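Asker: Sequence:
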Amino acid sequence: MLFMIKGIDEYMLPCMWKKTFNVDCMGCGMQRSIALILEGKFVAALYMYPAIYTLIAMFTFLLIHLKFHFKNGHKILLGLFILNISIIVISFLIKTF
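All the letters of the sequence shown, read from the start, carry residue numbers 1 to 97 under the working numbering.
Mixed in with the good hints, there may be bad ones.
Straight-line distance between alpha carbons at most 20 Å, and here's what the computed EDC-like set of lysine to aspartate or glutamate pairs gives [stated by the list, open to error]:
1) Lys-41 <-> Asp-9
2) Lys-71 <-> Asp-24
3) Lys-95 <-> Asp-24
FYI, nobody ran anything at the bench for these hints, they're computed from the structure. In this text, all values refer to a predicted model and were calculated from it rather than measured experimentally.
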């Protein structure tokens, strides 16, 4: 299994924004962060892309909410969405400036 995970780097999509403008986008690092999670490097994944765990929580809750239709699920999803956007923008600004 570790052999398969090590080879995942060869199949990552390039960031067209970074190729075109030579500047990181707000999603740069997400693929590498997922690869680090699959390798078991959880802290390194957090440093690579700080919103990775809250994004995973949001999408997991979204799938569960679509199945079970929680009464206030939409409010929880909105809160998670705002949290994720905040983390992404703040970490992008810290990384850029």
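Asker: Are the hints correct? Go through all of them and say.
Answerer: Going through the hints against the structure:
| no. | hint | verdict |
| --- | --- | --- |
| 1 | Lys-41 <-> Asp-9 | holds, 15 Å |
| 2 | Lys-71 <-> Asp-24 | violated, 39 Å |
| 3 | Lys-95 <-> Asp-24 | holds, 9 Å |
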